[in-house]
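Read off the chains here:
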Amino acid sequence: MEILYKILIDPFVQMVAAPDLLAQVVWEGLVGGVLYALIALGFVLIFKASGVFNFAQGIMVVFAAMTLVGVYEILRGFGVYPTDLAAYLALALTFCVMLVLAVAVERLVLRPLVNQPDIILFMATFGLTYFLIGFGELLFGGNPKVMIAEQLHLPRGAIELKILGGFVSLQKVDIAAAVVASIMVIMLAVFFQSTRIGRALRAVADSHKAALSVGISLEQIWVIVWFAAGVVAVITGIMWGARSQVEFSLQVIALKALPVLILGGFTSIPGAVVGGVVIGVGEKLGEFYWGPLIGSGIESWLAYVIALLFLLFRPQGLFGEKIIERV
Amino acid sequence: MLYRECGQYKTSYEADQAVFPILQDRIGIATILVVAFIILPLTASNFVISSVLIPLLVFSLAAIGLNILTGYTGLISLGTGGFMGVGAYACYKLTTAWPDVNVVVLIVSSGVFSAAIGVLFGLPSLRIKGFYLAVATLAAQFFLSWCFIRIAWLYNNNVSGAIEVPTRSMFGVAITGPTADPVTRYLVTLVIVVAMTWVASNLIHGRIGRMWMAVRDMDIAAELIGIELYQTKLLAFAVSSFYCGVAGALMVFLWLGAAEADSFNIDQSFLVLFMVIIGGLGSLIGSFLGAAFIWGLPIMLRAAPAFFGLSIHAATVEHLQFMIVGALIIFFLIVEPHGLARLWQIGKQKLRVWPFPY
Amino acid sequence: MRAPAPDQTAASEVILGVENVTLSFGGVAALRGVSFEICKGEIRAIIGPNGAGKTSMLNVINGFYQPQEGRITYKGRTRHTMRPAAAARGGIARTFQNVALFAGMTALDNIMAGRTLKMRRGFFWQALRHGPALAEEVVHRRKVEEIIDFLEIEAIRKVAVGQLPYGLQKRVELGRALAMEPDLLLLDEPMAGMNLEEKEDMSRFILDVNNHYGTTIALIEHDMGVVMDLSDRVVVLDYGRKIADGSPEEVKADQKVIDAYLGVAY
Amino acid sequence: MTTVASMQPDTIPKLLLHNAVRFPARPAIRHKDLGIWQTWTWTDVHEEVRALALGLEALGLRRGDKVAVIGANRPRLYWAMCAAQALGAVPVPVYADSVADEMAYVLDHAEVSIAVVQDQEQVDKVLSVADRLKQLSYLVYDEPRGLRDYDQARLKSFVDVQASGRLRLAAEYDASASFEQSVAGQNGCDLAIVLYTSGTTGRPKGVMLSFDNVLISARNAIAFDQLDENEEVIAYLPLAWVGDHIFSYAQSYAAGYCVNCPETAETVVEDRREIGTTYAFAPPRIYENLLTLTMVRMEDAGTIKRAMFGYFIGVARRWGEKILNRQRVPLTARLLYGLGALLVYAPLRNRFGLSRIRVAYTAGEAIGPEIFRFFRALGINLKQLYGQTEASVYVTAQPDGEIHADSVGKPSPDVEVKIADNGEVMFHSPGVFLGYYKDPQRTAETRTADGWVRTGDAGFFDPVTGHLKIIDRAKDVGRLNDGTLVAPKYLENRLKFYPNIKEAVAFGDRRDYVCVMLNIDPIAVGSWAERNNITFASYAELAAHPLVSDLLARHVDEVNRSLAADGPMAGAQIKRFLILHKELDADDGELTRTLKVRRGFIAERYRVLVGALYDGSSAADVETEVIFEDGRKGIVTARLKIIDMTTYAARQPVVEKAA
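Chains as they are written, first to last, in our numbering: chain A, 1489 to 1815; chain B, 2 to 359; chain C, 18 to 283; chain D, 3 to 661.
Hint data in this document are derived by calculation from the structure and do not stem from the laboratory. These numbers were taken from a predicted model, which means no experiment stands behind them. Certain hints may be false.
As the list claims (entries may be wrong) - Okay, derived cross-link-like pairs now, DSSO-like style, lysine-lysine, Cα gap no bigger than 30 angstroms in a straight line:
hint	chain 1	residue 1	chain 2	residue 2
1	C	K216	B	K349
2	B	K11	C	K135
3	C	K216	D	K598
4	A	K1536	B	K130
5	C	K175	D	K307
6	D	K158	C	K160
What the hints assert, rightly or not - Some chain D residues flagged as far from chain C (calculated, every beta-carbon gap over 12 angstroms):
hint	residue
7	A106
8	R134
9	E145
10	D151
To be verified - If we take Cβ atoms under 10 angstroms as the criterion, some of the chain A residues that face chain B in the derived model are:
hint	residue
11	I1491
12	V1514
13	Q1604
14	I1607
15	T1617
16	I1621
17	G1629
18	L1746
19	I1786
20	A1795
Ideal placement from N, C-alpha and C gives every residue a C-beta, glycine not left out.
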């Protein structure tokens, strides 16, 4: 009885008791969710177009961030000045690196493995992950770096809102992140809906022939999506890096994107966003209000359990197309 | 060439259905067993035994477990590490609860617990498939490693949060704990692994194995010939987790001697998954080859610089190792997606039809 | 064409009855109030132009699809929904239009798999694979070998079915179905994509199955010649409706059928 | 020998009883059926045969009746022969692939009263001509498959017949005794079997052999090659062929060794490998096919492997023969050969299923020296023998260590051989047949009053080795208008030694020069074509391809060169040849059932072509009627190119060294 009360009633009582706290928690979750969403976005892009479940998305984020910072440091080393110039130069170069990466992946991994079963491609991206970890650490060393947030003129500090009879503080970086994320989603949506390439990419998801009929070769499409995913990774890297620091252990956040995808469906961009937010918020709420009951740290798995329960009722995800089995 | 099958004819189905119908194969297996049971214990150094051979056996067993699920039944799992952990912690609890029960018995029976957990997390497998299922197992992985940290009862509330293997002996010989001699631990592990491999091959070559593979290859057709998909999948989960569990127990009790939650994290799951993929999905031999490759490669890479008299910074070696392993995984998937086992098969076939190409 | 098998002319006892079955996917109707009967021991052909709902009909019969309306009476027991596994246990076997074999297994294992339902030995014995389990395995291997002999596929017994030519794959699939010792055998275009010789063989096998084991057979086929030779009675579907039902000759003469097939090779 | 033989059981049924006591638990016969080698010991066979015999007796089979045995090599069909013999009836094996009409002739001529057949196919054939067979009372079939709806009146299943026999054993106290009586009631001089030989001309003749004929020959051969009960043979040649009858039946009973029946025709090679035969008997084409197959497959092998293979085959050709004949060879050669054995020879023997072979015979036709030496070089003890149905096989055979590629060996034990004035080979032996069934006239033509048999083959004894050499059919040895000797078969064999040439038909008798018609070997030439990326849709198209005719022209030229060095044959070089548009086929009557060319028939059938060959025209149109498997008839037309060859002046004959 006691325990039931603790689980079913008590948390909500607390929420009502301190709405500002609730708001704060939700906001935290929201921001976390946005970042999940960004990573999920990378997954979706690639999965949509090449049916590859890209486990390497996580490391791509870290790699991008590392490259950005690394390149920046090098440029500074050459005495490029002012700092913001160096920063933006570094950003530009990072994009180039991601493009190179995309091309390399297409040439060395995807093309030779075309028509292999999904599991094989999935494993290949594991190999890619390992490789990038080793490569990155070799280049930039294993220890954490600080994101060049201010050089990139990311807002700093926090806004203190006096609402709900209390204080809710919003980190400007987080706001920026949210904004950037939304902008990017919109851009992608537009890209997919109303550009030729975008339509081609959508077509690929359905059938490769369709794509060719649009006049774009599969190879090109792969390069494009992987580059797009790379760009997303850079942004994600900056945002994430700005909140904490940049280190290789971050790559496990890739796994966090999985439940998000489950919710959103592997092929839906809005799904990724919504899923991300749901997971982010759910996680924080769970951690904050229910966590203490069973020893904290439930963040680490709550997301998956949420996804799992959700799966049982809607296997194809929120926005995923319904799967009809033909016999 | 080496295979001279002329004159090997079968007059009974028992002989024809045998796991190794070809004489030369039987000889080969016999030799391997002799080497493993007699030659190696006598010749190999303690280092080789305790940090190469034993882990190799342990991982092979885990790989077999995962292979039963992923390779034979076609269900991807990322929870191997977790299931191994269950085995390990269960074994720890058992040995500390019943100090005088034979530890080998406890090691094997600890698999039962992981089997149970495996079935629990296998329940969604009816509704969901492929990567979605992978997520379910991922949930298992993270939930379990959380348990290993948070539930102090599992490690008898000791401050370190780690489990220390108590010394247990059999026929007066210490086989677990710090005092146990590597060779003894090796032999015990070997016996368990060989026995369980034998059982696995029995299952796979019989009705149950065919049911698993049927589900893997074409679940619709499987249903059509009267196979209950759900039960079959759950059975696969149970057996698979059992093997992983025992592997986990062996890992702690006969290899590491101690472990904490981190020993069973997601990386462990991936490691075993690599072994299965590189070794070859749906092949027992592959499980061994894969384990040998994935476990042996880094060791060799670490040894390499010294071997060539180069002095490279340890960290650098570490990084290079990551790169090479990653690259090799991709390389293998490209040249032979069906893994080392297939390479072995092809080689064998070549020897059988020698000197002809086909 | 063929001498009717004695038992079937004797007592035309109904083994399967389909009563105004209606099936639709999200508004698209595949079957509309179809009814017909299959008698014990006969060879019943289901024909019709593409998209007539033939395959859907088979899928309803062995429980892949659940009809929105209508009833299926099998061996006197009426049921509305049924799972394929249950149908299998009830003695309904089936082959597919585009072969659905277990690609990773040998021809032998594929057919052995067909015996699954008949094998009893539990996990424990399976794990030992000696004594009872092995004995059982041997008994069923023998049964399977009889089928292999029957279908004349000795030479490919131990070849992985993936590597077999299409015609042989179809044979193996038939073998797997036979291994279940079914009372009702559903064949979905058993001769699709075969050359003349293979078709002749397959026809012979189908007749022999019906004649040798007295198995009731319902088959979908495009090749009219084959249908006319093999079947005792024919149901004709068009756009999910039954438009004719009767002996091959009657059906052939039926104006509705001819119209439906207008333009289709006849 | 004869004396020894006479002390042993003198009929096959007696041997059965004898073996059941001698080797009760030894395997007598195996059949790969339902995926495994089903095995019957001599005890089992005794039981089976007795049951069948009693059953057949119940069907009214009496002493002297004829029992046709039609089908593939199956234990039950062999038992049927023995069961019939046990009752004093006479088995008449019939070629299973003969068309209904041929079958009708044999069954009718032999006055068969019961036919034991394998399956529906044979039943259908027999029933289709049943109205012409007055005597035929019952058809006993082995496989019931597909026969359910047949009118069962004259059909009996093998199982039922045996069952009725077993019933008698149970019911009648003296059944078993009466069986043994009837076995004991016969002796060596009784008629054992009638084998119909599809002679190169005219209707088949029924060769009557007594138990003595069969068994004495069999025992002599067993002694000659030191065979015992441990041999394993594969039975896959037609039951009606004397070779199979002696090797897979008579000798098995006499020596007590095990006969193995393959699962299906396609799996013979596989099954042979599984069993690992120790004693084999086959016409040359079987070995030719093995060699062709080997060469074709090695063509597809990787470069290194091909080189390795080529090198060691070279080593084998150089030393293998000597080593096999226990001659002195340098140590290095031995070592090389040993290495080769590890890498090539032993694996090849394994692939051929000849790893355990002790003695392998080739007979019925001349075998190409190349082929012959190839197998011997691999360490396979391949030997030639010269035999005839009329002789219960054995006329001459090569003793171990006395092997010459171009001879057929010395007279077998108890056999006397002489050369008639016209060059025809004649023999006299315990194996000499009783006569042709119901054909005293042709019997008289073949066998002289004092028991010498005309083989119809021309030959001579090699003065050096004392071995017999066969040139050709005596009647076929002709002369060109200028008087030079022509031995068509001799030419044909020379040509057929080339893997690319499947069949050859030579003409020349009473003509100005020699011409030949060739059949390409579809496998060999086919793969050659693929390697030279020559595309072709049909046999005819391939045969007509100019590059193919060039290829064959080269072979013919080589033959001409070698003929030039061939003393008496030097004059008979080939002037012109053409390549036939279709394969010569037994179903079209162009080959005999034992696949020998029927030159006369072909000359008649392709009159046009022969004409064209001799009227100097450069091409000829041909139109042939062919009979398809299902009996339908069709017309094949083609325009064939005729190629002119150069001939060479005769050179001093070089004596061919043995190996």
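Any hints this thing doesn't respect? Which numbers, in order? Hints 1, 3, 9, 10, 11 and 12 are the ones this structure does not satisfy, whereas the remaining hints hold.
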